[in-house]
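In order, the protein sequences belong to chains A and B.
Per my numbering, residue 1 is the first one in the first sequence, and the count goes up by one each step.
Per my numbering, residue 1 is the first one in the second sequence, and the count goes up by one each step.
It is possible that some hints are incorrect.
Result set (DSBU-like, lysine-lysine): computed pairs, CA atoms no more than 35 Å apart in a straight line [claimed, not checked]:
hint : chain 1 : residue 1 : chain 2 : residue 2
1    : A       : Lys-130   : B       : Lys-279
2    : B       : Lys-19    : B       : Lys-251
3    : B       : Lys-251   : B       : Lys-151
4    : B       : Lys-175   : B       : Lys-41
5    : A       : Lys-210   : B       : Lys-282
6    : B       : Lys-151   : B       : Lys-19
7    : B       : Lys-41    : B       : Lys-151
8    : A       : Lys-114   : B       : Lys-279
9    : A       : Lys-210   : A       : Lys-130
10   : A       : Lys-210   : B       : Lys-279
11   : B       : Lys-154   : B       : Lys-251
12   : A       : Lys-114   : A       : Lys-130
13   : A       : Lys-114   : B       : Lys-282
14   : A       : Lys-130   : B       : Lys-282
15   : B       : Lys-19    : B       : Lys-175
16   : B       : Lys-175   : B       : Lys-154
17   : A       : Lys-210   : A       : Lys-114
18   : B       : Lys-41    : B       : Lys-154
So the derived label-pair ranges between C-beta atoms look like this [stated by the list, open to error]:
hint : chain 1 : residue 1 : chain 2 : residue 2 : range
19   : B       : Gln-59    : A       : Leu-144   : 39 to 47 Å
20   : B       : Ala-271   : A       : Leu-151   : 32 to 40 Å
21   : B       : Cys-40    : A       : Leu-144   : 51 to 59 Å
22   : B       : Val-90    : A       : Leu-67    : 56 to 64 Å
23   : A       : Thr-58    : B       : His-24    : 26 to 34 Å
24   : B       : Ala-271   : A       : Gly-11    : 38 to 46 Å
25   : B       : Lys-282   : A       : Gly-192   : 16 to 24 Å
26   : A       : Leu-67    : B       : Thr-55    : 35 to 43 Å
27   : A       : Gly-201   : B       : Ala-271   : 19 to 27 Å
28   : B       : Ala-207   : A       : Thr-58    : 47 to 55 Å
29   : B       : Asp-240   : A       : Thr-58    : 28 to 36 Å
30   : A       : Val-83    : B       : Phe-85    : 51 to 59 Å
31   : B       : Phe-263   : A       : Pro-104   : 30 to 38 Å
32   : A       : Phe-47    : B       : Gly-168   : 46 to 54 Å
By construction, these hints were calculated from the structure, which means they are not laboratory data.
Bear in mind that the values here come from a model prediction, so they are computed numbers and not experimental data.
Glycine included, C-beta positions come from ideal geometry on N, C-alpha and C.
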Amino acid sequence: MSAVAPQTSLGVAAMARVREDVVVGQEIVRHRLSSRALHWTVASFFFLSLLSGLPIWTPIFGWMAALLGGLSVCRWLHPWAGVLFVVSSLAMFLHWRRDMRLLPSDREWLRPRKVVQYMTHQGDDPDVGKYNGGQKLFFFATALGALGLLLSGVVLWFPLTFPRLLMAASILLHDLTFILFAVAIVFHIYLGTAALPGTFGSMIRGTVTKAWARLHHPGWYRDVTGEGTRRT
Amino acid sequence: MTQQTLEIRRSSASLWGEKTGMRHLPVVSKYIDTTTCIGCKACEVACQEWNDLETVSTQQVGTYQTMPTLDADFWNLIRFNEQEFDGGVVWLMRKDQCMHCEDPGCLAACPAPGAIVQYENGIVDVNPEKCIGCGYCETGCPFDVPRFHAKTGKMAKCTLCVDRVSVGLEPACIKACPTGCLHFGTKEDMVALGNSRVEQLKANGLAQAALYDPPGVGGTGVVTVLAHGNHPEWYGLPADPHVPLTVRVWKSVLRPLGIFAIFGSVIAAFAHFMTEGPKEVKEAEGEGPRSP
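Between the sequences and the hints, there should be enough to build the whole structure, so can you do that?
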């Protein structure tokens, strides 16, 4: 994370294109343009994979196939969408891995008691940096999930190339990984929108208010603004 | 596949209402007597001709067998097996094709609605119009029958000549058999015929003779008389075939749980929002970090 930003004549939007973790007026740039573009690239390929995969998973979602031109289109499209999803996920992983390094305080954050406190909006951790333990866990869990989906997906893509037992195992692995992934994404979307107002904007325009940063990521706020005691 | 739309009993990837069942038809079956099969392969040719399948290159595998295994363009294969028995060798021939299970694993595994159907008369058929060529049926079949057709991108297998059967004819393979080791009729009649043949074989010294109609898949639409009924694997048949556990776990456990989990997580998020509400920034907080 960078230190306090030099005051420049650049506007918020312009600053948010090139740098993050800098203060611009009453706002702080949380995600620069490249970060946001990567996130939405991954999200787009995720939803393309979802739309083309769900109708193959169960006929309950059969109507989704119609959006893409039928189930045969889905069968062709899904593997390619999945590959693009995994490739963009890898880029995102590399892009964010430094910020996501697990610290002892993250382990502390992830203790069940703390998680319940977080969920009930009690007892904020004053040391939470740019990402809290839950966000880091989500980051690594989805990276692992993407890997699992890729490995099992390749087997299902070419049904004749692999032994039957491997194919059967891959169906189960692909299913199980997807279910966990989908549940994680539901909570990811909820936390990124309705649950924590001000968060969605950080992934659209790239900025958050100072007050938002103080509330949700006080450690990061101190690092970025230089205000208050620095985290040790 | 012909569109036997009035006679569908079960259909793949269907939730509700797949059964049309306007006609009530007796369940049919092939009867194969391996003890009178002479390995002439007339059934292989008849199958190729009637179904207009492309010619597949034969492959020398060290026996009289036409090719190592079934093919998307070769649905009926006589398997030649040599087996050491009682100090000598027995030469076992068996007609291999789709077994038309009462409880078809291919249909259970198939994700494409209506791509695999089971008619009222028990015939299990692929509808290539709806097949997406994913190959999941392969993992569901305990007999390793469905094959992916690389040229069409669809799965293919024996239809039990449903087009012939539905107009009152017997399947092409049965029609062609010169020794009478193949018969076709209602399942009931074929089982009765098989049992009487088994009794005959037992009376002639083949004490282990048995009729192969495996209960693990609810019985099959092909009943096979085996002289060595205690060793179906000698004929390349699984001793106790079932729809694989992986398919059952996937379709009956994992998938419902998954649907429940996904909708459940949406409901949980909504419930959390209603009870805890959003965690909002309080503007009146004032400047500066909150004290730890």
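Evaluation of the provided hints:
1. A:Lys-130 <-> B:Lys-279: 17 Å, holds
2. B:Lys-19 <-> B:Lys-251: 19 Å, holds
3. B:Lys-251 <-> B:Lys-151: 29 Å, holds
4. B:Lys-175 <-> B:Lys-41: Given pair Lys-175 of chain B, Lys-41 of chain B holds - Cα atoms ~12 Å apart, limit 35 Å.
5. A:Lys-210 <-> B:Lys-282: Holds: Lys-210 of chain A and Lys-282 of chain B sit about 11 Å apart, inside 35 Å.
6. B:Lys-151 <-> B:Lys-19: Judged against 35 Å, a Cα distance of about 31 Å means the pair holds.
7. B:Lys-41 <-> B:Lys-151: With Cα atoms ~26 Å apart, Lys-41 of chain B and Lys-151 of chain B stay inside 35 Å; holds.
8. A:Lys-114 <-> B:Lys-279: Holds. Lys-114 of chain A to Lys-279 of chain B sits at ~16 Å (cutoff 35 Å).
9. A:Lys-210 <-> A:Lys-130: The given pair, whose Cα atoms are some 13 Å apart, holds under the 35 Å limit.
10. A:Lys-210 <-> B:Lys-279: With Cα atoms ~15 Å apart, Lys-210 of chain A and Lys-279 of chain B stay inside 35 Å; holds.
11. B:Lys-154 <-> B:Lys-251: Roughly 22 Å between the alpha carbons, so the hint for Lys-154 of chain B and Lys-251 of chain B holds.
12. A:Lys-114 <-> A:Lys-130: 18 Å, holds
13. A:Lys-114 <-> B:Lys-282: Given that 35 Å is the threshold and the Cα spacing comes to 22 Å, the pair holds.
14. A:Lys-130 <-> B:Lys-282: This hinted pair holds, its Cα atoms lying about 20 Å apart.
15. B:Lys-19 <-> B:Lys-175: 31 Å, holds
16. B:Lys-175 <-> B:Lys-154: Status holds; Cα separation ~28 Å.
17. A:Lys-210 <-> A:Lys-114: 24 Å, holds
18. B:Lys-41 <-> B:Lys-154: 26 Å, holds
19. B:Gln-59 <-> A:Leu-144: 39 to 47 Å: 44 Å, holds
20. B:Ala-271 <-> A:Leu-151: 32 to 40 Å: 35 Å, holds
21. B:Cys-40 <-> A:Leu-144: 51 to 59 Å: 57 Å, holds
22. B:Val-90 <-> A:Leu-67: 56 to 64 Å: 59 Å, holds
23. A:Thr-58 <-> B:His-24: 26 to 34 Å: 31 Å, holds
24. B:Ala-271 <-> A:Gly-11: 38 to 46 Å: 41 Å, holds
25. B:Lys-282 <-> A:Gly-192: 16 to 24 Å: Holds: the Cβ-Cβ distance is about 20 Å, inside 16 to 24 Å.
26. A:Leu-67 <-> B:Thr-55: 35 to 43 Å: Check passed, 41 Å falls within 35 to 43 Å.
27. A:Gly-201 <-> B:Ala-271: 19 to 27 Å: 25 Å, holds
28. B:Ala-207 <-> A:Thr-58: 47 to 55 Å: Since Ala-207 of chain B and Thr-58 of chain A have Cβ atoms about 50 Å apart, the given range 47 to 55 Å holds.
29. B:Asp-240 <-> A:Thr-58: 28 to 36 Å: At 30 Å between Cβs, range holds.
30. A:Val-83 <-> B:Phe-85: 51 to 59 Å: Given about 52 Å between the Cβ atoms, the range holds.
31. B:Phe-263 <-> A:Pro-104: 30 to 38 Å: 37 Å, holds
32. A:Phe-47 <-> B:Gly-168: 46 to 54 Å: 52 Å, holds
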